[in-house]
Amino acid sequence: MSDSLTRPHESVGDAIHGLARELWPIARSITGDGVRRTLEILGRELPGLRTVEVATGTQCFDWTVPDEWNIRDAYLVAPDGRRFAEFRNNNLHVVGYSTPVDETLSLDELTAHLHSLPEQPDAIPYITSYYSRRWGFCLSQRQRNALEPGEYRAVIDSTLAPGSLTYAELVIPGETRDEVFLSTYICHPSLANNELSGPTVTTYLAKWLLGLERRRYTYRIAFVPETIGSIVYLSRNLEHLKRHVVAGFNVTCVGDDRTYSYLPSRAGDTPSDRVAIHVLSHIAPDFARYSFLDRGSDERQYCSPGVDLPIASVMRTKYGEYPEYHTSLDDLSITPPAGLFGGYNALRHCLLALEHNRTYRTAMPCEPQLGKRGLYPTLSTRATKDIVRTMMDILAYSDGEHDLLSICELTGVPIWTVLETVEKLVQAEVLVPMDEETSRAPSHQPATVQ
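In terms of our numbering, the sequence shown opens at residue 1 and continues consecutively.
Calculated directly from the structure, the hints in this document are not laboratory data. On a predicted model such as this, the values are computed, not experimentally measured, just so you know. We put the beta carbon where it would ideally sit given N, CA and C, even for glycine. All clues given are correct.
Simulated crosslink set (DSS-like; lysine-lysine; CA at most 25 Å straight-line):
(1) Lys424 - Lys372
(2) Lys385 - Lys424
(3) Lys385 - Lys372
Computed beta-carbon distance windows for the label pairs:
(4) Asp269 - Ala146: 49 to 57 Å
(5) Gln369 - Ile41: 51 to 59 Å
(6) Leu105 - Ile41: 32 to 40 Å
(7) Ile41 - His240: 26 to 34 Å
(8) Glu119 - Ser291: 20 to 28 Å
(9) Asn145 - Gly18: 32 to 40 Å
(10) Ile41 - Pro305: 30 to 38 Å
(11) Val432 - Gly412: 21 to 29 Å
(12) Arg82 - His282: 51 to 59 Å
(13) His240 - Thr411: 33 to 41 Å
(14) Gly374 - Pro323: 53 to 61 Å
(15) Asp269 - Gly374: 35 to 43 Å
(16) Glu429 - Ser406: 17 to 25 Å
(17) His240 - Leu107: 52 to 60 Å
Model the full assembly from the supplied sequences, consistent with the hints where possible.
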């Protein structure tokens with residue numbers, strides 16, 4: 001599974017950004033046709049993507065699948081007849097899950113249904129009310145300040161009725177029964193870093209995985225509405241996930257071009273945590289490091305007691321830590337192709353590290369004679385001395401107990417820089433993978449869980 005991780009891939013960043021632009025206008029929520037349309041587009045990119053509908057009223061642990069919400073239009077009409085806060089211009093203008101309304105109100109009466117951000121006068125806030133029935137509009141503080149006394153008409157053409165919650169999953173078979181789980185959410189409207197970076201980067205990670213000639217792990221990739229979607233998914237698949245998932249990531253906020261961030265699993269010492277720290281320490285040494293106390297996305301469900309999946313998060317700027325978060329300012333301008341590629345590439349490093357992190361033992365006592373196997377350079381230079389040193393370090397610690405990642409941590413080198421050397425040592429029968437006999441299951445067909 002050779003792959004260059006240091007060469008620029010501008011075309012990948014451009015492709016991810018192009019997919020985000022296509023998804024941008026869709027009004028998404030935790031249920032509804034916006035989610036279905038989003039998954040339909042992702043399914044075009046990932047033909048094996050399977051969509052699942054879970055009916056309103058279905059009990060999922062302590063939660064119940066809510067009514068389905070769809071919206072066609074919404075706007076306010078000023079006393080002079082001018083329309084504003086139009087849903088068709090920006091789908092953040094309507095409080096998510098607003099009940100239908102067509103009423104005439106005074107400005108004082110309307111004020112109770114308006115939301116703005118005094119500290120960000122040009123931003124439209126993102127507001128939802130999933131489990132309490134109400135309606136409302138979001139507008140900039142500058143726009144709100146300009147409202148004059150008089151009669152206003154409020155129109156929200158929406159439906160809130162029994163239906164279903166929609167999610168999708170893709171299973172990419174590998175050579176083992178062990179799985180790496182990737183989850184991302186598809187429930188926010190037009191928000192770029194906080195929403196679209198997740199599913200678009202995940203889609204291109206899946207494309208990369210599908211293009212590999214060989215995969216050690218099976219990959220299970222879920223596109224779910226945040227919180228309620230992950231709870232629904234876990235309620236239907238928990239036992240399978242607990243048996244098979246060995247590592248995974250919650251993919252969110254991976255698109256801006258400012259920094260890199262790491263939020264650990266609740267356990268803090270899973271394979272996901274190890275590779276995340278290793279990768280970020282080498283590609284972005286100044287990355288922001290958080291605690292599980294700073295959690296706020298679906299890692300809350302995947303790492304909760306009784307679930308305890310090994311799920312960590314590798315992000316660009318973490319949710320809640322950038323000024324545009326949950327506002328109309330979180331637009332496609334803050335997730336440029338380079339930023340999206342950076343998030344994609346960091347996670348790709350992590351998956352590659354997981355794939356190749358095996359435990360080896362040397363095949364003979366003492367140091368092997370590298371020269372007779374064609375492994376010792378015939379010309380001594382600084383570069384060849386480094387190559388020999390790397391080989392000898394790997395052999396020195398390949399005792400059947402240290403895995404490759406721990407050896408790389410000891411020697412201070414990125415795991416992806418030693419893969420070619422390890423492969424040569426294995427082919428020369430100097431190194432033996434400890435799991436070579438037990439990890440293969442050629443007849444295994446990964447289960448498609450519900």
